[in-house]
Amino acid sequence: MDQEKIGRFIAETRNQAGMTQKELAGKIGISDKTISKWECGKSMPDITYLETLCDSLAISMNELISGERLSDIHLKRRKIS
1 MDQEKIGRFI AETRNQAGMT QKELAGKIGI SDKTISKWEC GKSMPDITYL ETLCDSLAIS
61 MNELISGERL SDIHLKRRKI S
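Position 26 (the sequence shown) corresponds to 26 in the numbering used here; numbering is contiguous.
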């Protein structure tokens, strides 16, 4: 897993959703400083926050871990390979 890529993806999807770091942090129940650390690639989300984070950003767990949007076609190709 590329921690910096995941951080950039979190920031990108948060911005696309029109949320501030503080708003996302409030949905997850953590501090905005923690969101900042994730987005800067200084730390990774704890496993206990992954589901809520993905729900808040409307992304899948696979997308979060890969640090990018995954299309249905891309996912199908991975399953076949």
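Because the hints were derived from the structure by calculation, they are not lab data. Values in this document were obtained by computation on a predicted structure and should not be read as measured data. Don't take every hint at face value.
What the hints assert, rightly or not - Listed next, the in silico PhoX-like pairs over lysine-lysine satisfying Cα-Cα at most 25 Å (straight line):
#: 1; residue 1: Lys-33; residue 2: Lys-5
#: 2; residue 1: Lys-33; residue 2: Lys-22
#: 3; residue 1: Lys-27; residue 2: Lys-37
#: 4; residue 1: Lys-27; residue 2: Lys-5
#: 5; residue 1: Lys-5; residue 2: Lys-22
#: 6; residue 1: Lys-37; residue 2: Lys-22
#: 7; residue 1: Lys-5; residue 2: Lys-37
#: 8; residue 1: Lys-22; residue 2: Lys-42
#: 9; residue 1: Lys-27; residue 2: Lys-42
#: 10; residue 1: Lys-42; residue 2: Lys-5
To be verified - Each pair of labels, with its calculated beta carbon distance range:
#: 11; residue 1: Ser-71; residue 2: Lys-33; range: 11 to 21 Å
#: 12; residue 1: Glu-51; residue 2: Gln-3; range: 17 to 27 Å
#: 13; residue 1: Ala-17; residue 2: Lys-37; range: 11 to 21 Å
#: 14; residue 1: Ser-71; residue 2: Ser-31; range: 27 to 37 Å
#: 15; residue 1: Tyr-49; residue 2: Glu-12; range: 16 to 26 Å
Think of the CB as a built atom: it goes at the ideal place given N, C-alpha and C, for glycine as much as any other residue.
Status of the hints after comparison with the structure:
1. Lys-33 / Lys-5: Holds, because 18 Å separates the two Cα atoms, which is no more than 25 Å.
2. Lys-33 / Lys-22: Distance ~8 Å between Lys-33 and Lys-22 Cα, so the pair holds.
3. Lys-27 / Lys-37: Holds, because 17 Å separates the two Cα atoms, which is no more than 25 Å.
4. Lys-27 / Lys-5: Status holds; Cα separation ~22 Å.
5. Lys-5 / Lys-22: OK: Lys-5 and Lys-22 at ~21 Å, within 25 Å.
6. Lys-37 / Lys-22: holds (13 Å)
7. Lys-5 / Lys-37: holds (13 Å)
8. Lys-22 / Lys-42: holds (18 Å)
9. Lys-27 / Lys-42: holds (21 Å)
10. Lys-42 / Lys-5: Since the Cα atoms of Lys-42 and Lys-5 sit roughly 11 Å apart, the hinted pair holds (cutoff 25 Å).
11. Ser-71 / Lys-33: 11 to 21 Å: violated (33 Å)
12. Glu-51 / Gln-3: 17 to 27 Å: holds (19 Å)
13. Ala-17 / Lys-37: 11 to 21 Å: Given a distance of about 19 Å, which is inside 11 to 21 Å, the answer is holds.
14. Ser-71 / Ser-31: 27 to 37 Å: Once the Cβ atoms are compared, 33 Å apart, the range 27 to 37 Å for Ser-31 and Ser-71 holds.
15. Tyr-49 / Glu-12: 16 to 26 Å: About 18 Å separates the Cβ atoms of Tyr-49 and Glu-12, which means 16 to 26 Å holds.
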